[in-house]
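Student: Top line first, the protein sequences correspond to chains A and B.
Per our numbering, the first sequence starts with residue 1, numbered consecutively.
Per our numbering, the second sequence starts with residue 1, numbered consecutively.
Be aware that one or more of the hints could be misleading.
What the hints assert, rightly or not - Result set (SDA-like, lysine to any residue): computed pairs, CA atoms no more than 25 Å apart in a straight line: (1) A/Lys194 <-> B/Glu48; (2) B/Lys65 <-> A/Gln155; (3) A/Lys152 <-> B/Asp107; (4) B/Lys70 <-> A/Ala161; (5) A/Lys152 <-> B/Pro71; (6) A/Lys152 <-> B/Leu67; (7) A/Lys173 <-> A/Asp184; (8) B/Lys78 <-> A/Arg148.
Stated by the list, open to error - Far from chain B, some chain A residues (derived; all Cβ distances over 12 Å): (9) Gly55; (10) Gly186; (11) Val190.
Unchecked claim - Some but not every residue of chain A turned toward chain B, in silico, with C-beta under 8 Å: (12) Ala144; (13) Met147; (14) Arg148.
These are calculated hints, taken from the structure and not from any lab test.
The C-beta atom is built at its ideal place from N, Cα and C for all residues, glycine as well.
What follows is the residue order along each chain.
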Amino acid sequence: MRLTIDGVACEAEAGEFVKAVAERAGITIPSICHHSALPGLAACRLCLVEATPAGKRTEVVTSCVYPVSEGLQVVTMSERIQRLRRTVLKLLICRAPAAEGRLAEYCQEYGVQNNFTPPDPDEKCILCGLCVKACEELGPAAIATVMRGVDKQIQSAFAEAPTDCIGCSSCAKVCPTGKISCTDDGESRVIWGKRFHLEKCPVCGRPFATSEELAWLTHRQVGESLDLTLCPSCRAQQAAKQSVRG
Amino acid sequence: MVEKTEAEQIQEIIQHYPGQRRHALAAMQDMQHCFNYLPRAGLVALAEHMHCPLVQLYSMATFYKALSLKPKGRHIIKVCDGTACHIKGSMSMIDGVQRHLKISPGDVSADGQFSVETVNCLGTCALAPVLLVDEKHFGKVTLGQLPQVIDSYKPGGGNDG
Chain A
1 MRLTIDGVAC EAEAGEFVKA VAERAGITIP SICHHSALPG LAACRLCLVE ATPAGKRTEV
61 VTSCVYPVSE GLQVVTMSER IQRLRRTVLK LLICRAPAAE GRLAEYCQEY GVQNNFTPPD
121 PDEKCILCGL CVKACEELGP AAIATVMRGV DKQIQSAFAE APTDCIGCSS CAKVCPTGKI
181 SCTDDGESRV IWGKRFHLEK CPVCGRPFAT SEELAWLTHR QVGESLDLTL CPSCRAQQAA
241 KQSVRG
Chain B
1 MVEKTEAEQI QEIIQHYPGQ RRHALAAMQD MQHCFNYLPR AGLVALAEHM HCPLVQLYSM
61 ATFYKALSLK PKGRHIIKVC DGTACHIKGS MSMIDGVQRH LKISPGDVSA DGQFSVETVN
121 CLGTCALAPV LLVDEKHFGK VTLGQLPQVI DSYKPGGGND G
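Same shape as in the complex, but just chain B (with noise of 0.2 Å):
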């Protein structure tokens, strides 16, 4: 199968849309899914196609944290900073984290693997410390756990893929 170009997925994400700035961020979320970022020439190609000016995309892309001008690693390793986490030693997950992979929260890792995000609250305080790898909690977390848990999301690891 020949793999899509970008230009060619954008459009695709676009189409699928009707033409008013209203379904602006439905399309962006689309394109954040995509590609794990908002590429620049999607944003402009969305513009033309809901007839709207470029900046008040580009004002809803930085406004929200869901979407994302950088791309974005692979996989998004969320940890969670909420009281309940922090009072459980997040700050110290947050330091494990960034030790194992040597990136800051909002980087993304050489090889493009992860990308680090610190978050307020996930909702799961009963899990305290909660780590959220994509879609998967990772509840009372240990630093020893730590290395294992990340290494899995590794290509190859057990929960990549």
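Just chain A, with the same shape it has in the complex (with noise of 0.2 Å):
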């Protein structure tokens, strides 16, 4: 399938999105709320582009989730798509003003800035919900968004720490803007108000996994041939050693 983003000519398969096949030819478009490994959400709203499929008018999309077509143009910057990019930031950043990550950085590239009083001047959260898919995909799905309009967050099981959850650190460390937070101190971890055990690797000594993470792994039989009791750098160095003995 043959499409062109930016004058470009690409070539990708049929099913895959508009902003990864960009991303494949070098062409970046901003986004907050994407994650390689997980699928497109389109909450985030910046990664529109102005896209023409053939023999169609052009509309403004979000290329995270617009499928390619062949002979589909692709327009990633223009006048209509900065514009319509700046309004985004205005309302992502009133929202959450002490975000940390891109917001801020996109916000000083397009020259925005929060001309309003925001709900909550501490606020981090811009509600994508990556955190959640991230939880869904990776973990037992313990958090999901909650209430709704603008009293809207995310939260657990009647927002107590939950039962569930496995302390992987996945929806800290997929959130754009640190709003989740989580600590470690060598020993225990805290996330979403629960405590875990920190398991360490007995090669290295270095704390790598909770024990309900690796519990949870054995469980989901993930890598049936991975040896869990050694951390992945560990675990990679074994495995390099006997493929080399092998």
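Fit the two chains together into the complex; they arrive one by one in their own frames, and the hints show the way.
Tutor: Right, dumping it as structure tokens:
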């Protein structure tokens, strides 16, 4: 399948999305809620582009979930797109003025200032739901969006320390705005108000995972051939040694 | 006749549905209807039956206005505060209900008989200002009639039962 992104001819497989194809061609499209290992959410609305499918009208679409088609023409940066992204950034920075990471950089890049009075000046969350997706895909789905409208937030069931959380910290790792707090002190980890014991690697001695996470991986039979008692880097070293010997 | 325990009632509702997540909302509506709210034990049992994470049911329960995690009163008074009712003085109607039952919208009266809610439109604007008690509409209500309407739902009143 052939398409054109910013005048560059690109090859793509059916079912791929415009943002992924553009990135392969070295064209970056701004986004906050996207993680290459997770499906697109189209939540942050920053990856807007102009797309013209062959023989059809141009429309503004979110490139992270817009499928490629034969002869598709994409423009990732135009006056119109820039204007729309500025509006999106204004709304995001008003909601989450304390957000860490890319949001502030984009605001600077697009010359956006927060002209509104934010409802909560300490808010970091843009409610993109990337953490919820990560927990669904990798963990037990211990968090979700609760309530709605202005009260909407990411929470665990009954807003209590979640009983099913395995403390893998995937939610905190993917969070693009630094909202989810996760503290490791070498012995234990605290996340979502729950304390977990950290297991140490018998080879290098570094704490690398919670007991619950290892039990979960064993239960889900993720990598049956893996030695889950070792940390990922020691495991890689062991595998490398074995393949040299083998 | 022996009264069924809450746990038995919960099981009865849940077992009515196949163990698939798409039936969760229907089961939660039944539970709301049965208990006037969603007991925590009900959500936990439902999550187990539907093989779905508890937080996802909690998410639905907090999203829909028709579902409540706090017990509601035996009778639910909905005071319409849509545009037409608002113009026709629904604000003083809300005050009137508040004065009579000594509770604010969203609360339950001390005797557990009444819940008061405001709603955005009941779709019967010609009857403004409108009051909905349980399933019954009261149109063109005046502040003077209000105590009479509410009292008819108290135990022993004409509409109680």
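Student: State for each hint whether it applies.
Tutor: Each hint, compared with the structure:
1. A/Lys194 <-> B/Glu48: holds, 22 Å
2. B/Lys65 <-> A/Gln155: Given pair B/Lys65, A/Gln155 holds - Cα atoms ~18 Å apart, limit 25 Å.
3. A/Lys152 <-> B/Asp107: holds, 21 Å
4. B/Lys70 <-> A/Ala161: holds, 20 Å
5. A/Lys152 <-> B/Pro71: The given pair, whose Cα atoms are some 22 Å apart, holds under the 25 Å limit.
6. A/Lys152 <-> B/Leu67: holds, 16 Å
7. A/Lys173 <-> A/Asp184: Distance ~13 Å between A/Lys173 and A/Asp184 Cα, so the pair holds.
8. B/Lys78 <-> A/Arg148: holds, 20 Å
9. Gly55: holds, 38 Å
10. Gly186: holds, 29 Å
11. Val190: holds, 19 Å
12. Ala144: Since the shortest Cβ distance to chain B is 4 Å, the answer is holds.
13. Met147: Where the cut-off is 8 Å and the nearest Cβ of chain B is about 5 Å from A/Met147, the hint holds.
14. Arg148: Holds - the Cβ of A/Arg148 comes within 8 Å of chain B, reaching about 5 Å at its closest.
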